[in-house]
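J.: Protein sequence lines correspond, in order, to chains A and B. For the first sequence, my numbering begins at 1 and goes up steadily by one. For the second sequence, my numbering begins at 1001 and goes up steadily by one.
It is worth saying that the hints were derived from the structure and are not from the lab. Here a beta-carbon is modelled for each residue, glycine too, at the ideal position from N, C-alpha and C. Hints may contain errors.
Claimed, not checked - To give an idea of the chain A side of the interface with chain B (calculated C-beta under 7 angstroms), a few residues:
#1 35
#2 46
#3 48
#4 60
#5 61
#6 63
#7 65
#8 102
#9 140
Claimed, not checked - Now the stretches of chain B that chain A is said to cover, found in silico as 3 or more residues with beta-carbon under 8 angstroms:
#10 1162-1170
#11 1255-1268
#12 1336-1349
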Amino acid sequence: MKNFNIIITGVGGQGLITLISVINQAAFIEGKDVRSSELHGLSQREGSVETHVKFGKKVYSPLVYRGQADLIMGLEILEGLRAVNRVGSQTKFLVNNYFLPFEDSPRKEKVLDDLKKNLGKNLFLVNASEICQQNLQNEVVSGIYLLGYGISKKLIPLKKESVLKVIKEVMPQKYWDLNIKAFNLAYDN
Amino acid sequence: MKKILLGNEAIVRGALNAGVSFVSGYPGCPAAEIGDEFVKIGKDYGVYAEWSTNEKVALEAAIGASFSGLKSLVNMKSFGINVCSDSLFPLAYTGTKAPMVIVVADVPSCWSSAQSEQDSRGYAYLSHIPVLEPADPQECYEFIKLGFEISEKFNIPVILRTTTRVNHQKMIVELEEPHFAKATRGDFVKNPHQFCTMPPRTLEMKKELLEKIKKIQQFAEKSKINKVDRRRASINLGIITSGVAYLHVKEALEEMGLDLPILKLGFFYPLPENKIRNFIKGLKKVLIIEELDGYLEKEIKILAGEINPKIEIFGKNILSEIGELDTEKITLALSKITGKKVQLFKSKNIVVPRRYPRLCKGCPHLFTFSLLKKLVPQGVIFGGDIGCYMIAGYPPHDIQDYIFSMGAGLGISHGVKKSTNQKVVTLMGDGTFFHAGIPALINTVYNKSNPLLIVLDNRITAMTGHQTNPGIGKTGSGELTEELKIDQICQACGVKNIKVIDPINVDELEATINEFLVKPEVSVIICKRICALLAKRQVAANKE
Chain A
1 MKNFNIIITG
11 VGGQGLITLI
21 SVINQAAFIE
31 GKDVRSSELH
41 GLSQREGSVE
51 THVKFGKKVY
61 SPLVYRGQAD
71 LIMGLEILEG
81 LRAVNRVGSQ
91 TKFLVNNYFL
101 PFEDSPRKEK
111 VLDDLKKNLG
121 KNLFLVNASE
131 ICQQNLQNEV
141 VSGIYLLGYG
151 ISKKLIPLKK
161 ESVLKVIKEV
171 MPQKYWDLNI
181 KAFNLAYDN
Chain B
1001 MKKILLGNEA
1011 IVRGALNAGV
1021 SFVSGYPGCP
1031 AAEIGDEFVK
1041 IGKDYGVYAE
1051 WSTNEKVALE
1061 AAIGASFSGL
1071 KSLVNMKSFG
1081 INVCSDSLFP
1091 LAYTGTKAPM
1101 VIVVADVPSC
1111 WSSAQSEQDS
1121 RGYAYLSHIP
1131 VLEPADPQEC
1141 YEFIKLGFEI
1151 SEKFNIPVIL
1161 RTTTRVNHQK
1171 MIVELEEPHF
1181 AKATRGDFVK
1191 NPHQFCTMPP
1201 RTLEMKKELL
1211 EKIKKIQQFA
1221 EKSKINKVDR
1231 RRASINLGII
1241 TSGVAYLHVK
1251 EALEEMGLDL
1261 PILKLGFFYP
1271 LPENKIRNFI
1281 KGLKKVLIIE
1291 ELDGYLEKEI
1301 KILAGEINPK
1311 IEIFGKNILS
1321 EIGELDTEKI
1331 TLALSKITGK
1341 KVQLFKSKNI
1351 VVPRRYPRLC
1361 KGCPHLFTFS
1371 LLKKLVPQGV
1381 IFGGDIGCYM
1391 IAGYPPHDIQ
1401 DYIFSMGAGL
1411 GISHGVKKST
1421 NQKVVTLMGD
1431 GTFFHAGIPA
1441 LINTVYNKSN
1451 PLLIVLDNRI
1461 TAMTGHQTNP
1471 GIGKTGSGEL
1481 TEELKIDQIC
1491 QACGVKNIKV
1501 IDPINVDELE
1511 ATINEFLVKP
1521 EVSVIICKRI
1531 CALLAKRQVA
1541 ANKE
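Using the sequences plus the hints, can you model the full thing?
T.: Set out below in structure tokens:
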């Protein structure tokens, strides 16, 4: 089977690196080969961040070949939209309906409109931040919520049990409960 | 044991496994996690680890350790090797006593670098120091161990040259349990014959060095890290590649359904010339796929001239020297040579405005920047420097008129002041002040010019991930130490006008800026307030 390619986009500080660690480790314990590429440094200071994760039988390059992403996980709508230029017709988009505007950014309605216009039925827009804030009083786990959503809707070929197990392997104990709740909140709905 | 590791984590594990005892470095992205990890866990393994004041003293510390018999590792980003090169070259001459590996992390595409897209492999030619190029975390783990072996066998330092996509790549790594350092205390045995580079001995040393390199070349010829993949009967086209580009090549060939021989070079210097000759001997065409500068290509062209002058050589004529490589670029290059059609990716063309990095909420620099912005209509010139405050060059601030290398802002500002009648404000962080700012300050005082230096002292080296510096009162591993006061250093350097101000006192800061800007001598304002991110983390840590 072909490898599964994910590009995760967002804004520095949204927890992308933790999300990658969870996906990597889950793929690993399911016996898959896995590689990822992340960016650290100044871009983390609320700049755009784009990270790549690939898993499957045998992965060579840590970067997703343009046009071959199976899934874009956008932790913010404008950063999701930015990835539209990289996708093929098969690429599904799982986007957190959450907006971090800046001076020159287009209005939220315009961003959502562009996403819908360009992606049609490949777009899965999820109110992850809002739901996490309401139910868990914490929106930083919205990435894990998206992961739960993606797995339950079969957008990501990983098992629920693997993710629940690896949260405990890659995160400090004090965050286990919160992240497991965020995952289940998405998975069970 | 198998474990998912970041390239930098693999370097740490490999060095521990090789029995490293002494680690020094200066934080820079994408290398910083190596030093971060060692200052954190070093003690558990009997390893001494420090964040040094800059890369030059970091290297010198490791040289002292090596001369005293301790196995050492030095870590830095690309530009660090420029800073330490003055001591690096004589080190090649003296050689090491105990083994040493120097990790230098380049940043193709400048993901986390401002000043240039440097290809540090070129230092191999200047210094005659062996350079190894890993492609991924597994190779990081193995090559660092091999680096120590080569260093031990030939008494020469070895450079492990990585790139962002290697340092910050994660993969499943096969590794062994780390063990305790082999030695924690050394013994310096006097040997001026080896350790003093003084003519006429210097020229003898050069001869010894060049002879060593010949021997290491023999070693490289036999080394498994220069490997040939899929050597098939096909003699039409072969590929020579190195570093992470090898992984993109493998993917590109799979995508295109091509089966071509690949020579993957783990050694950049010295090159296994015979292995290369044998590889290109029967080929009609060869494509050299290396990121950034075309060093391999130049070498291979010379070798081809000797052994196979008719071979067609492709490299920088179809693959750019600018920016990192990826599968797409390599696929297009292969398509051009083989004539095999590839489906060109037609991308949508959505224009999304750039999201610039910005200062964090509550960042102390915000207060200073907003006051400086008021000076723009007066035609004041603003010198920048390396740190979070480079964001002064992005909207909405847009007040940075030049930026170069660590500490250069003040050095250039002095020259501007000497050459014009304009007012100059120059910014510098606390980490940068200690790293390379002090000589520039002394020069400014000594040669009598008067830029206004604003030291943005946020009590940490923030941008690279909150590493300690000599102004904090704590070492990298958290031990209490002397807290060097920037105002006292400025005073000792002969600065007459010095004020330490908490930048949230904007009225006082504004009045002082206006007062100091017209002083006939150099003036320094130290804007001292803790990094907002660090303050938040400290509060969170105290709660637990």
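J.: All the hints need checking, so say for each whether the structure fits it.
T.: Here's how the hints hold up against the structure:
{"no.": "1", "hint": "35", "result": "holds, 5 angstroms"}
{"no.": "2", "hint": "46", "result": "holds, 5 angstroms"}
{"no.": "3", "hint": "48", "result": "holds, 5 angstroms"}
{"no.": "4", "hint": "60", "result": "holds, 4 angstroms"}
{"no.": "5", "hint": "61", "result": "holds, 4 angstroms"}
{"no.": "6", "hint": "63", "result": "holds, 5 angstroms"}
{"no.": "7", "hint": "65", "result": "holds, 4 angstroms"}
{"no.": "8", "hint": "102", "result": "holds, 6 angstroms"}
{"no.": "9", "hint": "140", "result": "violated, 13 angstroms"}
{"no.": "10", "hint": "1162-1170", "result": "holds (count 5)"}
{"no.": "11", "hint": "1255-1268", "result": "violated (count 1)"}
{"no.": "12", "hint": "1336-1349", "result": "holds (count 4)"}
Comparing the model with each numbered hint stated earlier shows that hints 9 and 11 do not hold.
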